[in-house]
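Protein sequences, first through last, are from chains A and B. So that you can map any letter, position 160 of the first sequence is 160 in this note's numbering, and since no number is skipped, the others follow by simple counting. So that you can map any letter, position 180 of the second sequence is 180 in this note's numbering, and since no number is skipped, the others follow by simple counting.
Just so you know, not all the hints are guaranteed correct.
Beta-carbon label-pair distances, calculated as ranges [unchecked claim]:
| hint | chain 1 | residue 1 | chain 2 | residue 2 | range |
| --- | --- | --- | --- | --- | --- |
| 1 | B | Lys126 | A | Ser180 | 28 to 38 Å |
| 2 | B | Pro38 | A | Leu155 | 33 to 43 Å |
| 3 | A | Arg170 | B | Ala51 | 50 to 60 Å |
| 4 | A | Phe150 | B | Gly135 | 32 to 42 Å |
| 5 | A | Ile110 | B | Gly89 | 46 to 56 Å |
| 6 | A | Val134 | B | Gly135 | 25 to 35 Å |
| 7 | A | Arg170 | B | Gln39 | 53 to 63 Å |
| 8 | B | Tyr91 | A | Arg170 | 50 to 60 Å |
What the simulated footprint calls covered on chain A by chain B, stretch by stretch (three residues with Cβ under 8 Å from a Cβ of chain B suffice, anywhere in the stretch; the number is not a length) [to be verified]:
| hint | stretch |
| --- | --- |
| 9 | 7-15 |
| 10 | 71-77 |
| 11 | 165-171 |
Source of the hints: derived by calculation from the structure; they are not laboratory data. Backbone N, C-alpha and C define an ideal beta-carbon position, used for all residues, glycine too.
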Amino acid sequence: MERNVTHIALFTALIAVLGLVPKIDLIAGVPITAQSLGIMLCGTVLGAKRGLLAVLLFVLLVAVGLPLLAGGRGGLGVFVGPSAGYLVGFPLAAFVAGLIVERWSAPIGIAAFAGAFVGGLIVLHTVGIAGMAVVLGKTIPEAAGLALPFLAGDLIKAGIAAGITRGLARVRPGALLSRS
Amino acid sequence: MPTPPMLTLTTPFDTRLHRLPAGGKLGALALITLLLVPQTDLRVIGAAVVATALLYLVQGLRFAGYGAAMLRPLWPFLLVLALWHGWTGAYAAGAAIGGKMLTAVALANLVTMTTRLDDLIAVVEKLAQPLARTGLAPHVLAVAIALVIRFTPVLLGRAGQLIEAWRARSPRRASWRIVLPVTLTALDDAEHVAEALRARGGL
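The shape of chain A in the complex, shown without the other chains:
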């Protein structure tokens, strides 16, 4: 029980940190915020249930006024603004990513990439785009256009999440709660 709580809390902190550090390069010369990488890792490393709880805790702390979103944003305003859909999508993305890594017995790198992709790209952006469409009063295709520039970066993040998860499986096999 203690191990669950500390893993959840530490990964919540990880999501925050990946949003607060200066933009890092995913590929040479392309700076990007790494926060959704943290969301993916919550699922691929902690599994579905703990990953979900870690991201829910993150969303709760943002709501309560901690500046944990990329760029130091936070508070209740982000829940009624255009990015609100993404805040709803974050926990779902982690849950789906974790589910795939837990249930699909493929090698960890492949399963983690699939999880990060389905969760962090398909689920996250579906909900995120729906949210933008509602808040901005646009159709889904119009809102999807706004999300388009970020898809390539998120695809790369899914690959990185897979690489990190696989690296952890080798270096700290016992710590990979999604496959223990």
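Starting from the known structure of chain A, arrange chain B on it as the hints suggest.
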């Protein structure tokens, strides 16, 4: 467990609104937002925008400045709205959507800026009481929150160290390679803190 000080989005100075109870402010926010969302009459929306701006200004220019800064992330979306609706000529619809969005976000930010973290956590704990039956003891949530607040600066420091070390060796930005060590730190800290909690009698 007293929460150690961490930078929150509450303003570092007090206003009249700070004295109002958190629950009341949250309830009023929910109600006003629900009433605002279905509005289509530009006069009503315009009135809401003006009223919100006045509410900010009445607390002082310093406060209003903070509020304006918190609204800055919206400008790309307002620009997109202006371009979209300017192109099609549907100015009224664009103004309505933009006005509602600005007002809703500004009012929500107002509650965040004038309510202290401890008061909001108290509200959360009260709302979480029914969850105690499904296995989430309220003090476990409190410990989890305290752990996040305690360890975010620790992990941030670790990430900073790695970025510095990178910069000492390369003129380019740090790459994704720093994420694995930071994640390892998170995992190792999680194990150590769990042991420490168990040694103290568990949760």
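Each hint tested on the structure:
{"no.": "1", "hint": "B:Lys126 / A:Ser180: 28 to 38 Å", "in the structure": "35 Å, holds"}
{"no.": "2", "hint": "B:Pro38 / A:Leu155: 33 to 43 Å", "in the structure": "38 Å, holds"}
{"no.": "3", "hint": "A:Arg170 / B:Ala51: 50 to 60 Å", "in the structure": "59 Å, holds"}
{"no.": "4", "hint": "A:Phe150 / B:Gly135: 32 to 42 Å", "in the structure": "36 Å, holds"}
{"no.": "5", "hint": "A:Ile110 / B:Gly89: 46 to 56 Å", "in the structure": "51 Å, holds"}
{"no.": "6", "hint": "A:Val134 / B:Gly135: 25 to 35 Å", "in the structure": "33 Å, holds"}
{"no.": "7", "hint": "A:Arg170 / B:Gln39: 53 to 63 Å", "in the structure": "57 Å, holds"}
{"no.": "8", "hint": "B:Tyr91 / A:Arg170: 50 to 60 Å", "in the structure": "59 Å, holds"}
{"no.": "9", "hint": "7-15", "in the structure": "holds (count 8)"}
{"no.": "10", "hint": "71-77", "in the structure": "holds (count 6)"}
{"no.": "11", "hint": "165-171", "in the structure": "holds (count 3)"}
Comparing the model with each numbered hint stated earlier shows that all of them hold.
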